[in-house]
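**Student:** Counting in full-length UniProt numbering, the sequence shown runs from 1 upward without gaps.
One thing to keep in mind: the hints can contain errors.
[Said to hold, decoys possible] Within a straight-line C-alpha distance of at most 16 angstroms, the following computed EDC-like cross-link-like pairs (lysine to aspartate or glutamate) qualify:
{"id": "1", "residue 1": "Lys-370", "residue 2": "Glu-422"}
{"id": "2", "residue 1": "Lys-610", "residue 2": "Glu-211"}
{"id": "3", "residue 1": "Lys-140", "residue 2": "Glu-211"}
{"id": "4", "residue 1": "Lys-370", "residue 2": "Glu-330"}
{"id": "5", "residue 1": "Lys-633", "residue 2": "Glu-507"}
{"id": "6", "residue 1": "Lys-53", "residue 2": "Glu-91"}
{"id": "7", "residue 1": "Lys-3", "residue 2": "Asp-111"}
{"id": "8", "residue 1": "Lys-629", "residue 2": "Glu-458"}
{"id": "9", "residue 1": "Lys-731", "residue 2": "Glu-169"}
{"id": "10", "residue 1": "Lys-557", "residue 2": "Glu-305"}
{"id": "11", "residue 1": "Lys-363", "residue 2": "Glu-305"}
{"id": "12", "residue 1": "Lys-562", "residue 2": "Glu-305"}
{"id": "13", "residue 1": "Lys-69", "residue 2": "Glu-91"}
In short, the hints are calculated from the structure, not lab data.
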Amino acid sequence: MTKREHILLSIEAATQCIGTTWPLYSFVASNPLSGYEKLPFEEAVKEAGHYLKSKSYPSASVYRTALEKNDIDRTLLIEILREAEYFEAPEAYLAKMNEETAPTQTHSKLDVIMTKWLAAFMDEGMAEWQMPYKEKGFFKAWKLLASYDKDIGNPSLKNIPDTSIEALEQVLSAHNISSYNKLFTAHISALPGWTGYIKHRATTNTVWQQEFPITIEDYLAVRLTIANHLGFSLEVDENTNDDTSQNTLKYLWLKAWETSFQNKLTSNLVAQSETLNLEANTEVPDAQMVFCIDTRSELIRRHVEASGNYETFGYAGFFGIAADYQHYQEDISIKSCPPIVGSPYKITETPLENTATKDDTFKRNRNIAKSKTRILKRLKNMLPSSFGFVEGSGAFYGLSLIMQSFMPKAFSKVKHDKLDYESFCEPQITYNNETHKTIALEEKVAIVKSGFDLMGWEQFAPLVLFVGHGSKTANNPFASSLDCGACAANPGRHNARLLAALANEKEVRRVLANTHNINIPEQTVFIGAEHNTTTDEIELFDNQVPKTHDGLIRVLKENLLKVQETATTERLGVTSGSVALAQAKSINWGETRPEWGLAKNAAFIVGSRKLTASSNLDGRCFMHSYNWKLDPKGKALAGIMGGPMVVTQWINNHYYFSTVDNDKFGGGSKVTHNITGHFGVVQGNGGDLKMGLPLQSLKSSDTDMYHQPLRLTTMIHAPLERVEAIIRANKHLQMLLDNEWMYLKVMDSSDSNQFKTYSKNYNWIETITVPSNKNTETKQSVEVSRY
1 MTKREHILLS
11 IEAATQCIGT
21 TWPLYSFVAS
31 NPLSGYEKLP
41 FEEAVKEAGH
51 YLKSKSYPSA
61 SVYRTALEKN
71 DIDRTLLIEI
81 LREAEYFEAP
91 EAYLAKMNEE
101 TAPTQTHSKL
111 DVIMTKWLAA
121 FMDEGMAEWQ
131 MPYKEKGFFK
141 AWKLLASYDK
151 DIGNPSLKNI
161 PDTSIEALEQ
171 VLSAHNISSY
181 NKLFTAHISA
191 LPGWTGYIKH
201 RATTNTVWQQ
211 EFPITIEDYL
221 AVRLTIANHL
231 GFSLEVDENT
241 NDDTSQNTLK
251 YLWLKAWETS
261 FQNKLTSNLV
271 AQSETLNLEA
281 NTEVPDAQMV
291 FCIDTRSELI
301 RRHVEASGNY
311 ETFGYAGFFG
321 IAADYQHYQE
331 DISIKSCPPI
341 VGSPYKITET
351 PLENTATKDD
361 TFKRNRNIAK
371 SKTRILKRLK
381 NMLPSSFGFV
391 EGSGAFYGLS
401 LIMQSFMPKA
411 FSKVKHDKLD
421 YESFCEPQIT
431 YNNETHKTIA
441 LEEKVAIVKS
451 GFDLMGWEQF
461 APLVLFVGHG
471 SKTANNPFAS
481 SLDCGACAAN
491 PGRHNARLLA
501 ALANEKEVRR
511 VLANTHNINI
521 PEQTVFIGAE
531 HNTTTDEIEL
541 FDNQVPKTHD
551 GLIRVLKENL
561 LKVQETATTE
571 RLGVTSGSVA
581 LAQAKSINWG
591 ETRPEWGLAK
601 NAAFIVGSRK
611 LTASSNLDGR
621 CFMHSYNWKL
631 DPKGKALAGI
641 MGGPMVVTQW
651 INNHYYFSTV
661 DNDKFGGGSK
671 VTHNITGHFG
681 VVQGNGGDLK
691 MGLPLQSLKS
701 SDTDMYHQPL
711 RLTTMIHAPL
721 ERVEAIIRAN
731 KHLQMLLDNE
741 WMYLKVMDSS
751 DSNQFKTYSK
761 NYNWIETITV
771 PSNKNTETKQ
781 SVEVSRY
């Protein structure tokens, strides 16, 4: 192996040890330690902590609160501690954990210099004046401009090579480096937010990356060249301040907390399991509604079901449509399916017949708004006009500030009073690489059929709603983190409307009936809808529903208004005025907690709604509908476990690490956020790019916990052998489970619905549950192997 090959392989290996930093406009939840998933959780967080100087477990105060609130079962905790030969009272160990010293959080001069150059180069149109030579790539642009950087000290550029790999070879040749991998990992980990965003750009090959390329190789070449010039040591600090006893204690407390939660949830599901043996309900509901598996859907589904003769389902919020979405009259499209899924399709909008007047009004308003925005930006940012503009527009902006602060509702109406193109357009699906070519009929049928298969659909109501979700907030850089993760942090309304349109096509229904024995009654109408998770309003896109269904629609809308009131009352914890309060939160530009997003997520339930319909799960569970009886080959379950199960683990770990170390893995306080480059935020005037959720999305105050940092527990109702076969065929799933990045419990339908917990190497621990009146005792039995 040549030296160059050694360097490149070491860079590739080191890059795997950082997560992906997603941009604000597409803020997808992901595990910041995804590169460490090949290691057991305990080892992974220890190694990551060494390089990142990060915390990996909840603090002693968080554990104390959980114990005091009985979220941690004290008896169970003592048992787990004693098994590990810790025989003192829990309080004694809390005191020992309080003695910990926080990891040192420092930014070297090298970090400061690098963040300045990265911010300038990676800007995505926010700066009026762009850094010169960006089209040449990061390393070459830096080389051409470095002599003007006083922080570097007027470096001589005569001997710097023309390419980043040559520069690395040059620097490394001047030093005796024992391990390139460790060296690169240390320097990449010094600014994991920025390097995570470089990784994102390189991986997704965005428009900005195509125009202005930057790679981890470029970053390392610039960083090490500067370090070498300034005389910094390139040696990696092998010393570690890891307190093994502290980490072991914290890990045991975490296990006790997670097991306490699992036992309560298991007992809850067992208490409902008797209903699973009942015959299917033959009464046709007035309407059926399919919500995203998002944890926020748990609350709204309960209230919808309580409001009338309605049935609800859970399905990943992109509704099985792997597509990009192009807004009407826009050139740029956005991803509208999970980031790990390709986008062979594109969703576009086509005006309906006899809507020319609405179309013209929309186009005129859109052009005026664009011109206004462009002119104002130029006046504010151009040097010749900026001072005069500020002087002349002060009164206008002062009035605007007053309205936003004291009359937010009126301000919002003035600012957003425009015609919505969805009121006169219908969605179309085409191939992404072939303009305006509608996809084949068999592909449309496959999209619709897949949804019914995955959810275990048995009958059709007169109204079937596909309910996407989105969040509407004001002055919120992290707004996309509240939208649908399955739609790449975009609203799910577009996919919901399209799936409804496909399911309404006569030819699609004909093929479903003749070829797949899926008979949709003629009177069944599919409707797209959207759940606003900030206000709990459910908007129906019903402009093409036939007059024959007017009565059902009217009653449904009346009930959904009641649902909004009861759901917001529960969610906001108030006795009156809940809808107005929710609406105020959504438009208040000073509101740091407009809603809680996916906070408190802890479990993913795959099974019939009968398992959970009578339970209040407190918005803590993702829920995917599944009927094992209708899936004898396990194809649908394999899709759920290989897709949504993995994605929910991403979300869960994103929340976990953002909570346990908000400074390193989270977003810090919203109060001191500064947006940089349109794509990210930094704290104050610089530093590392923030990669996770802000403090206010995780805590009810600066000190009080809201999200409970627990690893995800997946619960599946299906035959155990079917589940195990899927794990054996999916090595990534096995790795996540064996290394305890998530847990799996199976409600074994082939063994009287007994719960069995996955243990390493395909061993299962049976959970003995003994219902007694309304209470259920839960305990673990011996480990049993299936094979």
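**Student:** Look at each hint and say if it fits the structure.
**Tutor:** Quick rundown of the hints versus the structure:
In summary, the hint linking Lys-370 to Glu-422 is not supported, as the alpha carbons are separated by about 19 angstroms, beyond the 16 angstroms threshold. For the suggested pair Lys-610 and Glu-211, the alpha carbons sit about 52 angstroms apart, so the restraint of at most 16 angstroms is broken. For the given pair, Lys-140 sits about 14 angstroms from Glu-211 by alpha-carbon distance, which is consistent with the 16 angstroms threshold. Distance restraint check for Lys-370 and Glu-330: the Cα-Cα separation of roughly 11 angstroms lies within the 16 angstroms cut-off, and the hinted pair is therefore satisfied.
The suggested pairing of Lys-633 with Glu-507 is violated, with an alpha-carbon distance near 28 angstroms, which exceeds 16 angstroms. A threshold of 16 angstroms between alpha carbons decides the hint, and for Lys-53 with Glu-91 the separation of about 27 angstroms lies outside it, so the pair is violated. For the hint pairing Lys-3 with Asp-111, the CA-to-CA distance comes to about 27 angstroms; that exceeds 16 angstroms, so the pair is violated. Distance check on the hinted pair: Lys-629 and Glu-458 sit about 11 angstroms apart at the alpha-carbon level, within 16 angstroms; holds.
Taking the CA atoms of Lys-731 and Glu-169, the gap is about 37 angstroms. The hint is violated against a cut of 16 angstroms. A C-alpha spacing of about 14 angstroms is found between Lys-557 and Glu-305, which places the hinted pair at or below 16 angstroms, so the restraint holds. For the given pair, Lys-363 sits about 40 angstroms from Glu-305 by alpha-carbon distance, which is inconsistent with the 16 angstroms threshold. At roughly 12 angstroms between alpha-carbon atoms, Lys-562 and Glu-305 fall within 16 angstroms of each other, so this suggested pair holds.
As the CA atoms of Lys-69 and Glu-91 are separated by approximately 14 angstroms, the hinted pair is consistent with the 16 angstroms bound.
Hint compliance for this structure: hints 1, 2, 5, 6, 7, 9, 11 are not met, and every other hint is.
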